[in-house]
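Engineer: Read off the chains here:
2 protein chains.
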Amino acid sequence: MHPLYNYINKYSSTLISKEDFNNVKSHFIYKKLKKKQYLLQEGEVCKYFAFILKGAMRQYHMDEKGVERMVNLYVENWWAGDRESFIVGTPSIYNVDAWEDCEVLLITSEASQRLSRDCQAFNEMLLKLGDRSNIATQRRITSISYSAEKRYKCFVENYPFFVNRFPQHIIASYLGITKDTLSRVLKKATKKVDIDKVGIKDI
Amino acid sequence: MHPLYNYINKYSSTLISKEDFNNVKSHFIYKKLKKKQYLLQEGEVCKYFAFILKGAMRQYHMDEKGVERMVNLYVENWWAGDRESFIVGTPSIYNVDAWEDCEVLLITSEASQRLSRDCQAFNEMLLKLGDRSNIATQRRITSISYSAEKRYKCFVENYPFFVNRFPQHIIASYLGITKDTLSRVLKKATKKVDIDKVGIKDI
Numbered sequence: 001m002h003p004l005y006n007y008i009n010k011y012s013s014t015l016i017s018k019e020d021f022n023n024v025k026s027h028f029i030y031k032k033l034k035k036k037q038y039l040l041q042e043g044e045v046c047k048y049f050a051f052i053l054k055g056a057m058r059q060y061h062m063d064e065k066g067v068e069r070m071v072n073l074y075v076e077n078w079w080a081g082d083r084e085s086f087i088v089g090t091p092s093i094y095n096v097d098a099w100e101d102c103e104v105l106l107i108t109s110e111a112s113q114r115l116s117r118d119c120q121a122f123n124e125m126l127l128k129l130g131d132r133s134n135i136a137t138q139r140r141i142t143s144i145s146y147s148a149e150k151r152y153k154c155f156v157e158n159y160p161f162f163v164n165r166f167p168q169h170i171i172a173s174y175l176g177i178t179k180d181t182l183s184r185v186l187k188k189a190t191k192k193v194d195i196d197k198v199g200i201k202d203i
Numbered sequence: 001m002h003p004l005y006n007y008i009n010k011y012s013s014t015l016i017s018k019e020d021f022n023n024v025k026s027h028f029i030y031k032k033l034k035k036k037q038y039l040l041q042e043g044e045v046c047k048y049f050a051f052i053l054k055g056a057m058r059q060y061h062m063d064e065k066g067v068e069r070m071v072n073l074y075v076e077n078w079w080a081g082d083r084e085s086f087i088v089g090t091p092s093i094y095n096v097d098a099w100e101d102c103e104v105l106l107i108t109s110e111a112s113q114r115l116s117r118d119c120q121a122f123n124e125m126l127l128k129l130g131d132r133s134n135i136a137t138q139r140r141i142t143s144i145s146y147s148a149e150k151r152y153k154c155f156v157e158n159y160p161f162f163v164n165r166f167p168q169h170i171i172a173s174y175l176g177i178t179k180d181t182l183s184r185v186l187k188k189a190t191k192k193v194d195i196d197k198v199g200i201k202d203i
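Protein chains in written order, with the UniProt record's numbering: chain A, 1 to 203; chain B, 1 to 203.
Calculated from the structure, these hints are not laboratory results.
Values in this document were obtained by computation on a predicted structure and should not be read as measured data.
Honestly, I wouldn't trust all of these hints.
Counterexamples of contact, computed for chain B against chain A with all Cβ distances above 10 Å [unchecked claim]:
| id | residue |
| --- | --- |
| 1 | Y30 |
| 2 | D63 |
| 3 | D82 |
| 4 | E84 |
| 5 | Y94 |
| 6 | N123 |
| 7 | R139 |
| 8 | G176 |
| 9 | T181 |
| 10 | R184 |
| 11 | V185 |
To be clear about the criterion: a stretch of chain A counts as covered by chain B if any three or more of its residues have a C-beta under 8 Å from a C-beta of chain B, and this derived list gives those stretches [said to hold, decoys possible]:
| id | region |
| --- | --- |
| 12 | 36-49 |
| 13 | 138-147 |
| 14 | 180-189 |
Pair ranges (Cβ atoms, derived) [to be verified]:
| id | chain 1 | residue 1 | chain 2 | residue 2 | range |
| --- | --- | --- | --- | --- | --- |
| 15 | B | V156 | A | K65 | 22 to 32 Å |
| 16 | B | N6 | A | Y159 | 45 to 55 Å |
| 17 | A | K34 | B | N6 | 22 to 32 Å |
| 18 | A | S147 | B | E42 | 14 to 24 Å |
| 19 | B | T108 | A | A136 | 43 to 53 Å |
| 20 | B | T178 | A | K65 | 16 to 26 Å |
| 21 | B | N9 | A | K150 | 42 to 52 Å |
| 22 | B | K36 | A | V163 | 50 to 60 Å |
| 23 | A | K65 | B | E42 | 33 to 43 Å |
| 24 | B | K25 | A | K34 | 48 to 58 Å |
| 25 | A | H2 | B | Y30 | 44 to 54 Å |
Yeah, the Cβ is synthetic: ideal placement off N, Cα and C, and Gly gets one too.
Input sequences plus hints: build the corresponding full structure.
Structural biologist: Written as structure tokens, this is what we have:
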């Protein structure tokens with residue numbers, strides 16, 4: 001079945017009908033993005049939110065020193081965009097680009113609002129999406145007070161699928177630590193696994 | 001008019017009828033909380049989200065050294081609680097308590113879901129609340145890479161009403177900086193105002 005059909009049903013209490021889904025789908029625009037191509041550039045208004053069918057994307061902003069700071073990472077079945085700019089209509093302070101070649105479904109704010117009124121399953125999905133997104137960002141805010149080790153551990157537990165899709169410097173930036181610190185954390189973790197493999201009797 | 005009535009209308013595209021509002025209100029439980037009284041304690045499941053009619057509250061977690069880390073601050077017309085625990089039903093890692101004597105309206109997750117189905121205005125309010133909450137947490141994540149000065153500046157711009165409701169050590173914790181750093185930022189800001197008052201001709 002269509003990934004968006006599966007996604008809506010996952011978060012809706014009732015199965016969406018074929019007719020309703022066709023209506024939902026007709027509100028989206030299909031687009032391909034080549035690696036490094038922007039969905040959104042700093043200073044633009046985020047006109048579209050993207051449901052990712054294929055590929056990986058990232059949202060980041062440039063700090064005062066011109067360093068890229070990762071804000072969000074996304075893979076298939078995730079939504080990418082800048083919610084503030086999308087909702088309020090203000091220019092975005094973020095960039096969203098394709099980390100891999102992507103296929104996405106784009107929706108405007110107006111179309112999304114119309115569907116939330118006309119399609120109960122889509123509305124439920126939107127509510128759950130808001131909740132899930134809030135939960136995820138809340139976790140990130142909380143993790144700021146964690147050590148680098150604990151931060152990485154939580155990241156791997158929550159998002160194991162990110163580990164092989166993004167390189168270390170992107171993950172380090174997402175976690176708000178330096179690449180060297182992440183390197184140390186990973187070395188320490190590898191050592192720990194080696195010791196665990198040897199077993200307590202052998203030490 | 002009732003604060004919750006005004007709140008729903010603020011975020012709904014159509015005015016809620018008196019009848020619908022009475023139905024909404026009947027799903028809430030009124031409660032008074034004395035200063036320092038908990039709405040939620042670490043380890044409990046968050047059964048209720050609270051709409052604050054009066055007073056100020058805070059959400060925090062205890063770090064590994066037993067230090068309180070502010071996660072959210074709330075005043076009148078804000079919602080307090082732990083969304084993850086409320087939605088997923090898992091024990092909370094947060095404490096939510098009254099910073100001032102409070103009056104709140106409590107709602108369960110089931111009642112909220114029922115109202116989202118039965119009352120279009122309440123549903124719209126919920127969607128907007130999810131958006132606003134996401135926007136706010138997104139801003140906080142972004143601000144992590146800011147200097148202490150810029151972090152405080154954004155805080156005052158976005159939440160001027162928090163400045164007189166919470167003491168410096170609570171605001172410092174919310175911003176993820178030490179009390180001494182905040183003190184320095186404030187001194188610097190005061191000096192700047194003094195220089196601005198003197199005017200460029202006098203220097």
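Engineer: For every hint, state whether the structure bears it out.
Structural biologist: Hints, verified against the model:
1. Y30: holds (25 Å)
2. D63: violated (5 Å)
3. D82: violated (8 Å)
4. E84: The claim breaks: B:E84 does not keep its Cβ more than 10 Å from every Cβ of chain A (closest is about 4 Å).
5. Y94: violated (8 Å)
6. N123: Its Cβ does come within 10 Å of chain A, the nearest being 7 Å, so this is violated.
7. R139: Label violated. Min Cβ-Cβ 7 Å, cutoff 10 Å.
8. G176: violated (6 Å)
9. T181: Given a closest Cβ separation of 15 Å, the condition holds.
10. R184: Fine: 19 Å to the nearest Cβ keeps B:R184 off the interface.
11. V185: holds (16 Å)
12. 36-49: Result for this restraint: violated, n = 0.
13. 138-147: Result for this restraint: holds, n = 9.
14. 180-189: violated (count 0)
15. B:V156 to A:K65: 22 to 32 Å: holds (24 Å)
16. B:N6 to A:Y159: 45 to 55 Å: Given a distance of about 40 Å, which is not inside 45 to 55 Å, the answer is violated.
17. A:K34 to B:N6: 22 to 32 Å: violated (49 Å)
18. A:S147 to B:E42: 14 to 24 Å: holds (19 Å)
19. B:T108 to A:A136: 43 to 53 Å: violated (23 Å)
20. B:T178 to A:K65: 16 to 26 Å: At roughly 23 Å between Cβ atoms, A:K65 and B:T178 fall inside 16 to 26 Å, so the hint holds.
21. B:N9 to A:K150: 42 to 52 Å: Holds: the Cβ-Cβ distance is about 43 Å, inside 42 to 52 Å.
22. B:K36 to A:V163: 50 to 60 Å: Violated, at about 43 Å.
23. A:K65 to B:E42: 33 to 43 Å: holds (38 Å)
24. B:K25 to A:K34: 48 to 58 Å: For B:K25 and A:K34 the Cβ distance comes to about 53 Å; the hint holds.
25. A:H2 to B:Y30: 44 to 54 Å: holds (46 Å)
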